[in-house]
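J.: Protein sequences, first through last, are from chains W and U.
Here the working numbering is used: the first residue of the first sequence is 1, the next is one more, and so on.
Here the working numbering is used: the first residue of the second sequence is 588, the next is one more, and so on.
Think of the hints as simulated: they come from the structure by calculation, not from any bench.
The reader is advised that the hints may include incorrect statements.
As the list claims (entries may be wrong) - Straight-line Cα separation of at most 30 Å, DSSO-like style, residue types lysine-lysine; simulated pairs: (1) W/K194 - W/K576; (2) U/K693 - W/K194; (3) W/K165 - U/K784; (4) W/K58 - U/K784; (5) U/K784 - W/K194; (6) W/K496 - W/K423; (7) W/K4 - W/K172; (8) W/K265 - U/K693.
Fair warning: this is a prediction, and the values are worked out from it, not measured in the lab.
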Amino acid sequence: MPQKLKEVDVVVIGVGFAGSILAKELAASGLTVVGLERGHGRHSVPDFQAPAIHDELKYSIRKGMMQDVTREAMTFRNHHREVALPMRQWEAFLPGTGLGGCGVHWNGQAWRYQEADFIYKTHIEQRYGKKILDPDLRIQDWGVTYQELEPYYDRFEHLLGVCGKAGNLNGKIEPGGNPLEAPRSREYPNPPMKEQYSGALFRKAALELGYHPFLQPSANTTRPYTNPEGMTLNPCAYCGFCERYGCEHFAKASPQTVILPVLMKNPNFELRTESQVLRINLDSTGKKATGVSYMDAQGREFEQPAGLVLLTAFALNDVRMLLLSGIGNPYDPTTETGVVGRNYAYQTQSYVPTFLGEDVHLNSYMAGGASGTVIDDFSVDNFDHSSLGFIGGCYVLCGSTGARPVEFHPTPPGTPRWGREWKDAVRRHYNHTAIFNLSGTSTAMRGNYLDLDPTYRDAWGLPLLRITFDFPDNDVRMSRFVTHKASEIARQMGAKIVVDSPRTGPFTTTSYQSTHNTGGAVIGADPSTSVVNRYCQSWDVPNVFVVGACNYPQNSSYNPTVTLGALIYWTADALKTRYLKRPGPLV
Amino acid sequence: MKIHSIVRTVFVLMVAGIIVASYLAAQSSIPNKPISNKSGIGAQIVAQGTTRGAVACARCHGFDGASDGSGAFPRLDGQSQQYLAEQLRHFASGARQNALMQPIAKGLNDEEIDAVAQYYARLHAVSLPSRPMPTQLRDRGKQVAEVGDLSVRVQACESCHGPNGEGELISGVPYLGGQYSHYISVQIQMFRRGYRKSQQMFVPAHNLNEQDIIAVADYFEQASRPAMK
Numbered sequence: 001m002p003q004k005l006k007e008v009d010v011v012v013i014g015v016g017f018a019g020s021i022l023a024k025e026l027a028a029s030g031l032t033v034v035g036l037e038r039g040h041g042r043h044s045v046p047d048f049q050a051p052a053i054h055d056e057l058k059y060s061i062r063k064g065m066m067q068d069v070t071r072e073a074m075t076f077r078n079h080h081r082e083v084a085l086p087m088r089q090w091e092a093f094l095p096g097t098g099l100g101g102c103g104v105h106w107n108g109q110a111w112r113y114q115e116a117d118f119i120y121k122t123h124i125e126q127r128y129g130k131k132i133l134d135p136d137l138r139i140q141d142w143g144v145t146y147q148e149l150e151p152y153y154d155r156f157e158h159l160l161g162v163c164g165k166a167g168n169l170n171g172k173i174e175p176g177g178n179p180l181e182a183p184r185s186r187e188y189p190n191p192p193m194k195e196q197y198s199g200a201l202f203r204k205a206a207l208e209l210g211y212h213p214f215l216q217p218s219a220n221t222t223r224p225y226t227n228p229e230g231m232t233l234n235p236c237a238y239c240g241f242c243e244r245y246g247c248e249h250f251a252k253a254s255p256q257t258v259i260l261p262v263l264m265k266n267p268n269f270e271l272r273t274e275s276q277v278l279r280i281n282l283d284s285t286g287k288k289a290t291g292v293s294y295m296d297a298q299g300r301e302f303e304q305p306a307g308l309v310l311l312t313a314f315a316l317n318d319v320r321m322l323l324l325s326g327i328g329n330p331y332d333p334t335t336e337t338g339v340v341g342r343n344y345a346y347q348t349q350s351y352v353p354t355f356l357g358e359d360v361h362l363n364s365y366m367a368g369g370a371s372g373t374v375i376d377d378f379s380v381d382n383f384d385h386s387s388l389g390f391i392g393g394c395y396v397l398c399g400s401t402g403a404r405p406v407e408f409h410p411t412p413p414g415t416p417r418w419g420r421e422w423k424d425a426v427r428r429h430y431n432h433t434a435i436f437n438l439s440g441t442s443t444a445m446r447g448n449y450l451d452l453d454p455t456y457r458d459a460w461g462l463p464l465l466r467i468t469f470d471f472p473d474n475d476v477r478m479s480r481f482v483t484h485k486a487s488e489i490a491r492q493m494g495a496k497i498v499v500d501s502p503r504t505g506p507f508t509t510t511s512y513q514s515t516h517n518t519g520g521a522v523i524g525a526d527p528s529t530s531v532v533n534r535y536c537q538s539w540d541v542p543n544v545f546v547v548g549a550c551n552y553p554q555n556s557s558y559n560p561t562v563t564l565g566a567l568i569y570w571t572a573d574a575l576k577t578r579y580l581k582r583p584g585p586l587v
Numbered sequence: 588m589k590i591h592s593i594v595r596t597v598f599v600l601m602v603a604g605i606i607v608a609s610y611l612a613a614q615s616s617i618p619n620k621p622i623s624n625k626s627g628i629g630a631q632i633v634a635q636g637t638t639r640g641a642v643a644c645a646r647c648h649g650f651d652g653a654s655d656g657s658g659a660f661p662r663l664d665g666q667s668q669q670y671l672a673e674q675l676r677h678f679a680s681g682a683r684q685n686a687l688m689q690p691i692a693k694g695l696n697d698e699e700i701d702a703v704a705q706y707y708a709r710l711h712a713v714s715l716p717s718r719p720m721p722t723q724l725r726d727r728g729k730q731v732a733e734v735g736d737l738s739v740r741v742q743a744c745e746s747c748h749g750p751n752g753e754g755e756l757i758s759g760v761p762y763l764g765g766q767y768s769h770y771i772s773v774q775i776q777m778f779r780r781g782y783r784k785s786q787q788m789f790v791p792a793h794n795l796n797e798q799d800i801i802a803v804a805d806y807f808e809q810a811s812r813p814a815m816k
């Protein structure tokens, strides 16, 4: 018999960036908040300290910070006529677990989305007409605009201490920044990172070709910085262990470094780690959540009643929790009815290995997670698509995140995969090779969606989430076009060998691409095509708010975290100024 | 107590400054042979200084780089060459404020700075004999050095300075293991007071309290250095 606990005002499922910020805001306004985190508690000291944290085998190869695949995985297939199989090892994407969530092991690439992203359908159709869209694409508007989110972007960037140079301050183009970015109301809180040598070479070549290179905005802090919550960050030491690792220097913005200590001090908040939420409980009408049920590490089940449930457990887990709890109608790709799981998208990632020759010494191991020089000329709709026959684009980044020796050993095509020749090639190319990273839009498509697997279950007996996904033809054409453009820059840099490798289908889960899983609980103005309204509030159960990249109707070129931060503060504001005064549907 | 020792250090530095200044005056009148043999430049400067105002390094730091043990002067033997050269340039430019070292560093040209740095970087003096240290202080020092302290948001010193404070030769992070405790604690105070500027050291130097600084400095003084470089 589950033990019923004392009711609280708010229960938060998942204590990463979204959970910790929302909990902090609500606890500060006087509500009692319980944060349920399925993973361990962990902190910069002692858990992320060197040398133990610089363990490639543990964290990069064995994915030490990720969800335990033996307890809880996902199943995957490319098409809804196939049978999905469980993922036994994380490769394509890396769902984190533990206090701080993915905010601990991210790289800190701190991008805003474009104005066009939030009105994507309207924008594309206005600019190109409907005919540019393949019939199976399902793009849509967010129901909230960039202008509305701008103050919340600003707030999140200042929480993180994002480092960069403004390129567009209130509509005025600023030298040194990204002239193609959406207008920002303030300069970045900190100056950009140091330019890597590969980035300097890239900058020169990109300028020669008429592009607009700049230093990538980063949440690896560049100077001592105290954020508005009073949390002090240390400058990044360019140690090269960012993605997949925790930061020992208090330099990478993470919940631990920017907000959690403030939250933990508030007596209104209680953190419960190793608490696996099984479902959100609904009352007999199915229109009101009564709290959640969860199991602790000893296998004891608890019921935690709450007046408000915040679902902030990472995009894929959020969608699964909605499906497990019976909130909203599951999407059916054959009839195109239902919404939960609809518009699952990803990131169309491609790479251009650029072999510069042995006389060019890059020293790429000196890196922060978001170091790099980048052009935004081919992102989203920053270029004219009218004669191209596809929508979307990629940013082109030349930067290293650390060139760690176990993971990084670029060799040209045709090199044997092992043995002496391979070793010789690694020696010859390790310090002389830059890898361009192209992060591209992922266009929502009718057949790409999330639902519950009919066969496979997790350690708690609950159905796994099933991912059905392949790259839309549109995105493959887009990747081919932009990757070729990037290869031209590589050749302009004087590369000896350029490997033009655009993304092609089918999507496979066996090689790392990106952890930017988006969609499935989409934000929008129309309940027939969205799961939450413009305030991230469930259309079906108004005392449930879902905040995550699952809200994105399609994915932009950019890394999603900072846009998620804007949505988090936007939602926090709606909760505090509107919902708490008059609980009920905000739209 | 420890404030006293800082005052004492400052006093020692001032007195040493006067002594060095008098040496400088005396020295500048001694004609030096022009430096020709590049490999010998470093040793020559260490022994004789330069005609442009650099006093012989060995007067304070010794020929073996072990200095005099008072802790007023750091040991330099086996220190990162890049670090030593960078510090000399910072002394010269005033980026690292030190009345004693500035005129000396200014009396060295680029080539001489590299030569002197190389000279000391190649040496290896013996480790200090261990002296007794209260267990509690030692534990605290070890804690800060190896693990850090979440309550003051200070990371483990060894995250940058390496296991046992061995330093990172190539990236120019100085070793602390075997360095004089008194020198380390004074330098942390210098970071705190802005006489030395380092973005990396800013927060740790400000957030550690006096007792922690002493503890961690003592801990590193006793940390064993590798027998061979």
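J.: Broken hints, numbered, in rising order?
T.: Going through the list in order, the structure violates hints 1, 4, 7, 8 and respects the others.
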